[in-house]
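Residue numbers (this note's numbering), protein chains in the order written: chain A, 222 to 533; chain B, 7 to 240.
Some hints could be false.
What the hints assert, rightly or not - Straight-line distance between alpha carbons at most 27 Å, and here's what the computed BS3-like set of lysine-lysine pairs gives:
(1) 503(A) with 239(B)
(2) 391(A) with 371(A)
(3) 501(A) with 467(A)
(4) 239(B) with 103(B)
(5) 335(A) with 371(A)
(6) 468(A) with 501(A)
(7) 178(B) with 467(A)
(8) 501(A) with 178(B)
(9) 459(A) with 335(A)
(10) 335(A) with 503(A)
(11) 467(A) with 503(A)
(12) 501(A) with 459(A)
(13) 178(B) with 459(A)
(14) 178(B) with 468(A)
(15) 393(A) with 459(A)
If you're looking for bench data, these hints aren't it; they were derived computationally from the structure.
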Amino acid sequence: MVLSGLILVFITNFKKMKKLFFLALIVLLVVSCRKRMDSFLFNPSPLETYLLDAYQGETSLDLSGQYAVPNSMIHRVEFPIIDNGETIMIQGIYVGDTSSIASDTVLLYCHGNKDHMDFYWPRQKLYAHMGGLGRYGVLMFDYPGYGATKGSPTEENMYASTRSALQWLKEKGLTSNRLMMMGFSLGSAPVCEVAGHEGEYPLAPSKIILEAPFASAEILIQDGGLLSMPGSFLVDLKIDNATEIKKVNVPLLWIHGEDDSFLTVAHHGQLVYDNKPGAKEKVLIPGGEHETTPFVMGYQAYIDRIAAFIGQ
Amino acid sequence: MNSFKIILILNVLIFSFGCAPTRYVKPLERGEHSVNAHFGGPVSKVPGMGTIPLPFSSIGYGYGLSEDLTVSGNMYATSLLFGVGQVDVSACYQPWKKDRMGITLSPALNILVDFYTGANRLWPQLDANYYFDYSIYRSRAVEGRNPKRINTVYAGISNWFDPYLTESQGRKNEQFWIPSLQFGHQWERRHWDYQLEMKILAPIYSNENIVVDYPSLLGNYGALGAYFGVHYKF
């Protein structure tokens, strides 16, 4: 009745209200084409193919030949997800022996928000040397939109590709007690998501390592601005590691550079660490910045520390 | 996403309090109406485009309640792009005037509502400006009222207040007061006024570790803002 009354008022006063109507229409059109900052969190670069050691672009770390990995241990793998009703293949790299995953301990590495696997390849090589070359299998993959993986870089697709990686490992015979997960920066989100939802993913990690994790999308927004702005003003992202970690019951190793100005210790890593119940350890590196912690700590000391945590 | 879009959204994020210049440097005449539009924002280095003020825009309406008090309301177009309604209601009060100069105080309440989630914010604001009419030309036709041309310079301080004590995850809000300094010029005509203003945004806060390169007169602190405004009075 109220609605029909409003419609009647509108029709009888259309001439008078025409300008107001068009203004409201313009506002409605602008609002309905709502811009979101979500894609800003993802910073992918496409690749035709992966070059690994032959890649000439910028990389996450500058490694010496000491951490080389023989070609026989490098395996290109892929696993499917559905993105917008279309099947796309997630591109991954497994370093180790794919035929012995059923008996090996495997580290699933979730990389940061930048570029693609070629950028993070030096990190994967480092982890392949934890406890000696080949002691642990290491799987890394590109989220949709990154490198040679097609699709859209979204929060949902990031989780879907992690799920698919876990499914692939499970089909190769891996069990949860031999799965470790490590997330760097953005990669901390899928690790907390999987570890915080035990039973909802094909496998659950028995230990997790978070390097330079971010606390939540909202804190990222509030850290960037001077005003205490609600996250929803700018993003739809639901990533909230500081809350998810409260549900994680497996041991955590937190590594963070004290000079990380992108994701600060105080506003990000410390919050995640403080909210984690149960077993946890931390390694704070003086002078370490967002990307440089392994270098500042010393590559060998860095992987030895992670290996010690895994081996406990 | 190209660089321009990234920088635009970062400006919305980082300097959302710097999206408009002074609305009314001095009050309207009693019973006078004004509609206005403002453009400009923080000056940023945009790759491929140079150093430019980013195009925030707003439209508003003002009404002279008395010779010393004007009330106004403004709507911000840039926030609408994010599905966030941003309006302000404000007043311009002139507590002191002598000959060609005066001081005005402008309290305002900035209201933001996310149309999709209902999240909202109220940010109070208090601006103070000193103005000086350095050139006044009266035509015979309008002697005594509505001078034909007045040129005015002004300077002042704009203060935003963020009264929310805690942020996400219970963190303490460390930026309760965000000041900016402004300097401007107004060309006042019988019906049309034009305004140029420069701001030093948030001069007490560091501009380091922000993805965008903000030129500032104060090195690693604050940012520079540039604005253009136009008023039509009737």
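So, going through the hints one by one against the coordinates:
1. 503(A) with 239(B): Status violated; Cα separation ~64 Å.
2. 391(A) with 371(A): OK: residue 391(A) and residue 371(A) at ~23 Å, within 27 Å.
3. 501(A) with 467(A): Since the Cα atoms of residue 501(A) and residue 467(A) sit roughly 12 Å apart, the hinted pair holds (cutoff 27 Å).
4. 239(B) with 103(B): holds, 22 Å
5. 335(A) with 371(A): Measuring from Cα to Cα gives roughly 15 Å; hence the hint holds.
6. 468(A) with 501(A): holds, 13 Å
7. 178(B) with 467(A): Given that 27 Å is the threshold and the Cα spacing comes to 20 Å, the pair holds.
8. 501(A) with 178(B): holds, 25 Å
9. 459(A) with 335(A): Holds. Residue 459(A) to residue 335(A) sits at ~20 Å (cutoff 27 Å).
10. 335(A) with 503(A): holds, 25 Å
11. 467(A) with 503(A): holds, 16 Å
12. 501(A) with 459(A): Holds: residue 501(A) and residue 459(A) sit about 25 Å apart, inside 27 Å.
13. 178(B) with 459(A): holds, 22 Å
14. 178(B) with 468(A): holds, 24 Å
15. 393(A) with 459(A): violated, 31 Å
Consistency with the previously given hints fails for numbers 1 and 15, ordered from lowest to highest.
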